[in-house]
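Peer 1: Numbering (this note's numbering), first residue to last: 223 to 424.
For the record, the hints were derived by calculation from the structure and aren't laboratory data.
By construction, the Cβ of each residue, glycine as well, lies at the ideal position given by its N, Cα and C atoms.
Take these hints with a grain of salt, some might be off.
[What the hints assert, rightly or not] Cβ pair distances, simulated, as ranges: (1) Gln307 with Arg265: 17 to 25 Å; (2) Ala379 with Asp224: 31 to 39 Å; (3) Ala379 with Lys302: 36 to 44 Å; (4) Gly363 with Ser274: 43 to 51 Å; (5) Gln343 with Asp306: 14 to 22 Å; (6) Gly371 with Lys276: 34 to 42 Å; (7) Glu303 with Gln343: 18 to 26 Å.
[What the hints assert, rightly or not] Derived PhoX-like pairs: lysine-lysine, alpha-carbon spacing no greater than 25 Å straight-line: (8) Lys302 with Lys276; (9) Lys327 with Lys412; (10) Lys256 with Lys279; (11) Lys225 with Lys279; (12) Lys225 with Lys302; (13) Lys225 with Lys255; (14) Lys327 with Lys279; (15) Lys256 with Lys327; (16) Lys256 with Lys225; (17) Lys276 with Lys225; (18) Lys302 with Lys279; (19) Lys279 with Lys255; (20) Lys276 with Lys255; (21) Lys225 with Lys327; (22) Lys256 with Lys409; (23) Lys409 with Lys327; (24) Lys276 with Lys256; (25) Lys327 with Lys276.
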Amino acid sequence: MDKYLIVGLGNVGAEYEQTRHNTGFMVLDAFAKKASNIVFEDRRYGFVAETSLKGRKVFLLKPSTFMNLSGNAVRYWLNKENIDQQRLLVVSDDVALPLGQFRLKASGSNGGHNGLGHIQQLIGQQYARLRMGIGNDFPVGMQIDHVLGRFSAEELAQLQPAIDVAVDIISSFVLAGIDVTMNQYNKLGKAHSNPSRKEGLG
Numbered sequence: 223m224d225k226y227l228i229v230g231l232g233n234v235g236a237e238y239e240q241t242r243h244n245t246g247f248m249v250l251d252a253f254a255k256k257a258s259n260i261v262f263e264d265r266r267y268g269f270v271a272e273t274s275l276k277g278r279k280v281f282l283l284k285p286s287t288f289m290n291l292s293g294n295a296v297r298y299w300l301n302k303e304n305i306d307q308q309r310l311l312v313v314s315d316d317v318a319l320p321l322g323q324f325r326l327k328a329s330g331s332n333g334g335h336n337g338l339g340h341i342q343q344l345i346g347q348q349y350a351r352l353r354m355g356i357g358n359d360f361p362v363g364m365q366i367d368h369v370l371g372r373f374s375a376e377e378l379a380q381l382q383p384a385i386d387v388a389v390d391i392i393s394s395f396v397l398a399g400i401d402v403t404m405n406q407y408n409k410l411g412k413a414h415s416n417p418s419r420k421e422g423l424g
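Please build the complete structure, drawing on both the sequences and the hints.
Peer 2: Printed below as a string of structure tokens:
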């Protein structure tokens, strides 16, 4: 049976719930809820849930290492379950994209994102990533406060459609592969909000 690892990046703890930096966790929670409410269990380096899609085994991972050491969890679970790196998808927040937009890529740089940066240090750049836009409406020098701040009710309402699509993207990634999924969904990723200035994510 083919195995897949879907990783949502974030920070553990009640104080980080529904913060912008935890958008990856939010996407995985939404996927788990749609997949008959499968439950995350506290396991080594993270909270893990297991499900299957048409004969393919899917592991969902929310690292408990905190953002800056996310690579430890990703590398461990790839090795433990002997999962091909081409079957890894990492979901992260991204200030370079307006709130509600998203972008799927087969590989690439970390874009200044500390979680992606640590994963890259340990396994390289050749893995798929889904970047979820959180916007960059913050004063210069206030990026950390922005990414660790909570979404407002209005922002959550604007983000929810993108989360819903992200759940479908995960299924498509597993069933159809990265190329087909990018072709099908990336054009939808630009459908929300207006272009904003580009900045890296710390």
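Peer 1: Of all the hints given earlier, name the ones this structure violates by number, lowest first.
Peer 2: none
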